[in-house]
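Visitor: Next come the chains, spelled out residue by residue.
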Amino acid sequence: MSKMRYSRRAVLKGGAAAVAASALPAPMVWAQEIKDITLRQFGTGVSNLNDVANKVKEDLGFTLEMTALDSDSVTQRAATQPDSFDIADIEYWICKKVWPTGNLQAMDVSKIANYDKIVGIFKDGKLTPESVIAQGTAPHTVGFVEGEGSKTFATEQTNWMTLIPTIYNADTLGIRPDLIGRPIESWTELLNPEFKGKASILDISSIGIMDMAMVCEAMGEIQYGDKGNMTREEIDKTMAIFTEAKKNGQFRAFWKTFDESVNLMASGEVVIQSMWSPAITAVKSRGIECVYQPLKEGYRSWGGGIGLSANLSGMALDAAYEYINWYLSGWVGGYLMRQGYYSAVPETSKDFMTENEWGYWFEGKPATDVITSPTGDVLAQAGETRDGGSFYDRMGHVACWNAVMDENQYMVRKWNEFIAS
Amino acid sequence: MLKNRHIQGWLQAAPLSLVLLGFLILPIITIVVVSFWQATEFSIIPAFSLENYEFLFGSPVTYKVFFATFKYASITWAMTLAIGFTVAYYLAFHIKNQTTQIALFLLCTIPFWTSNIIRMISWIPFLGRNGIANSMLQSWGVIDQPLEWLLYSDFSVILAFVHLYTLFMVVPIFNTMTRIDHSLIEAARDNGASGFQTLTHVILPLTKPGIMIGTIFVLTLVMGDFITVRFMSGSQKANVGRLISNDIALLQYPSAAATAVILLITVLIVIGILLRFVDIRKEL
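Protein chains in written order, with the UniProt record's numbering: chain A, 1 to 421; chain B, 1 to 284.
Pulled out of the complex, with its shape left as it was, chain A reads as follows:
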């Protein structure tokens, strides 16, 4: 029987493979059969990188198939097509939507080697012991479930984790300092008539509504109970302010994909807009000035993690744990941090970065040498510092996490109206 080869299907179906795995001396089989394992991962473009898949093949031996989709499609797929993936690389707010479908399985914390080193944000919600927990779907609130098959989130750390945090960042507005010519300090500037026809916001409702809320709150127009969980009245007021701005021609366009945001900014169609960190980098790499402007009201933050499909079992599940432990062991973290994201276990990533890179990206120190991306593009010259400063400066000023609200359906309909109005 040990000579029998399992097809990928059979391995993934798991039942037969699990029997085989327990009946055979495990390490031998592991070495032979692991090459046949393919794990299908899908998620947003930020961390679905072919370099990661190649490195997995090299370090762990099995194949990782990557599919990159936009946030909406990711949610849709995780919620409706559980058979189409083994590993879901999703954001925490997506997890809140998808977890109740039962398409994902909880992970045994005791099998995660670096669990203790994971940043506090993902465990008790606190970056440092004195941190205040931001509004919205903070990762730790949907990070754990009561038990193995539980569909309800636990209020504190348990032995069962929903997602293993992989990547996160603090978002703010991107600006073109050369076209604006004066300091920008507040979220209110997005609706400043000075930038009429030159502003943009992203057309992904769950994130866009947050940016809107940051603006309305900064303007002093609305006091939110919780920006991440608005009441109908708060949603109506927020939308009214933005609908009026839209009718007055404040916005040049709305963007939905990463590339669109880069093009809007690089072409000068837009001088201030909601933006993602690597998009700033992409604009800069074209030789155009672009700043990820820290604002006094704080950041809107997001975090992603990998979750396991409920269908994973047997050897494929073991491989998935192997993958998770590898993910947290530093190489990926270093790779992602050199793009401007943060790793869930920064200290393991340090070994995979130069002192200059660690100083620039994590500690907010001036670069001592040229900073390049993992793919070799020059991102900063010696002497420059990162927009927003150090890890603690940036992640310590999170005002709100990307969220999904109780009134999500209402918000979605209102969003649809906003786009159509």
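Do not rely on the hints blindly, as some may be mistaken.
Claimed, not checked - Once the Cα atoms are required to be at most 27 Å apart in a straight line, the calculated BS3-like pairs of lysine-lysine come out as:
#, chain 1, residue 1, chain 2, residue 2
1, A, K246, B, K96
2, B, K71, A, K247
3, A, K151, A, K126
4, A, K256, A, K111
5, A, K365, A, K296
6, A, K296, A, K117
7, A, K57, A, K126
8, A, K196, A, K256
9, A, K57, A, K35
10, A, K123, A, K350
11, B, K64, A, K246
12, B, K64, A, K247
13, A, K237, A, K296
14, A, K284, A, K237
15, B, K208, B, K96
16, A, K196, A, K237
17, A, K111, A, K35
18, A, K196, A, K246
19, B, K71, A, K256
20, A, K256, B, K208
21, A, K237, B, K64
22, A, K117, A, K57
23, A, K296, A, K284
24, B, K64, A, K196
Simulated from the structure, these hints should not be mistaken for laboratory data.
Given the coordinates of chain A, work out where chain B should sit on it, guided by the hints.
Guide: Frame of chain A; chain B shown alone:
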């Protein structure tokens, strides 16, 4: 038994009927059924409810969006008809040599060798604030400030529509025009008709079926489109297709289905009215 003419007829019609049943009728029935269901973000509740339609008809945005859809459709129709008719007329009546005719006709189709999206997106850098059109106009001294309305406006949406869909007007009109008996035109001229009179009294009536087919193509394409509107308006404008695609993206399948049903009914009514004017089957 197989000799029975009825059975033979049924058998001959069966393959197509089955295909239509499986790939057209059943999906439409499914859409209609789902449109009465309810949904949350992660589950669909199969319970009969009119809520989706209530919301749809209760929202002023729906009417605005339907109006915008008709606006895009009618303006695009008028422009594609004007351009399409002129091009087809030139090809059919002014080019005497058939080889040249075919060569020129193929020339019209060359842009269609690349994808729709690429043809559409290539307008964006051209029309942008610092795009080729604006910098050219500025260097000629025609304008001082860049024209903002060139891109991300109704103008750019309709421009893209006309660019994308004019060929769907040219082809059927050209096709019917080539089949007009040239002796009819000679007869008109012999009877003293001017060029314009020949056009309006002879050519236009005889080209009606082609115009009608082109019209149906253009109207259904424009009314069902969502991607052109999204890209060319920078997501600022909406038509019914975008309403549906937004709903789908946000996992609101029942609400998307309800909108789709209303759109389907609207388009069918429009086509029904058009077919009142010209009996395509008789004319073909």
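Visitor: Decide, hint by hint, whether the structure agrees.
Guide: Taking the hints in turn, this is what the structure says about them:
1. Straight-line distance between C-alpha atoms of K246/A and K96/B comes to about 54 Å, which puts the hinted pair past the 27 Å bound.
2. The hinted pair formed by K71/B and K247/A meets the criterion: a straight-line CA distance of about 19 Å does not exceed 27 Å.
3. For a cut-off of 27 Å, the pair hint linking K151/A to K126/A stands: about 24 Å separates their Cα positions.
4. At most 27 Å may separate the alpha-carbon atoms for a hinted pair to count; K256/A and K111/A exceed this at roughly 38 Å.
5. Restraint check: the Cα-Cα separation between K365/A and K296/A comes to about 21 Å, which is no more than 27 Å; the hinted pair holds.
6. Note on K296/A and K117/A: the hinted pairing is violated, with a Cα-Cα distance of about 30 Å set against a maximum of 27 Å.
7. Using a Cα cut-off of 27 Å, the hinted pair K57/A and K126/A is violated, with the two alpha carbons roughly 35 Å apart.
8. For the hint pairing K196/A with K256/A, the CA-to-CA distance comes to about 20 Å; that is within 27 Å, so the pair holds.
9. Among the hinted pairs, K57/A with K35/A is consistent with the structure: their alpha-carbon atoms are about 9 Å apart, no more than 27 Å.
10. This hinted pair checks out: K123/A and K350/A have alpha carbons roughly 21 Å apart, not beyond 27 Å.
11. Taking the CA atoms of K64/B and K246/A, the gap is near 15 Å; set against the 27 Å cutoff, the hint holds.
12. Taking the CA atoms of K64/B and K247/A, the gap is about 14 Å. The hint holds against a cut of 27 Å.
13. For the hint linking K237/A to K296/A, the alpha-carbon distance of about 23 Å falls within 27 Å, and the restraint holds.
14. For the suggested pair K284/A and K237/A, the alpha carbons sit about 36 Å apart, so the restraint of at most 27 Å is broken.
15. Among the hinted pairs, K208/B with K96/B is consistent with the structure: their alpha-carbon atoms are about 22 Å apart, no more than 27 Å.
16. Restraint check: the Cα-Cα separation between K196/A and K237/A comes to about 21 Å, which is no more than 27 Å; the hinted pair holds.
17. Taking the CA atoms of K111/A and K35/A, the gap is about 22 Å. The hint holds against a cut of 27 Å.
18. Only pairs whose Cα atoms come within 27 Å are accepted, and K196/A paired with K246/A is accepted, the gap being roughly 10 Å.
19. Of the pairs offered as hints, the one joining K71/B and K256/A holds, with about 25 Å between alpha carbons and a cut-off of 27 Å not exceeded.
20. Between K256/A and K208/B, the direct Cα distance comes to roughly 42 Å. Violation of the 27 Å bound is thereby established for this hinted pair.
21. Distance check on the hinted pair: K237/A and K64/B sit about 21 Å apart at the alpha-carbon level, within 27 Å; holds.
22. At roughly 25 Å between alpha-carbon atoms, K117/A and K57/A fall within 27 Å of each other, so this suggested pair holds.
23. Restraint check for K296/A and K284/A: satisfied, since their Cα atoms lie roughly 23 Å apart, inside the 27 Å limit.
24. For the hint pairing K64/B with K196/A, the CA-to-CA distance comes to about 24 Å; that is within 27 Å, so the pair holds.
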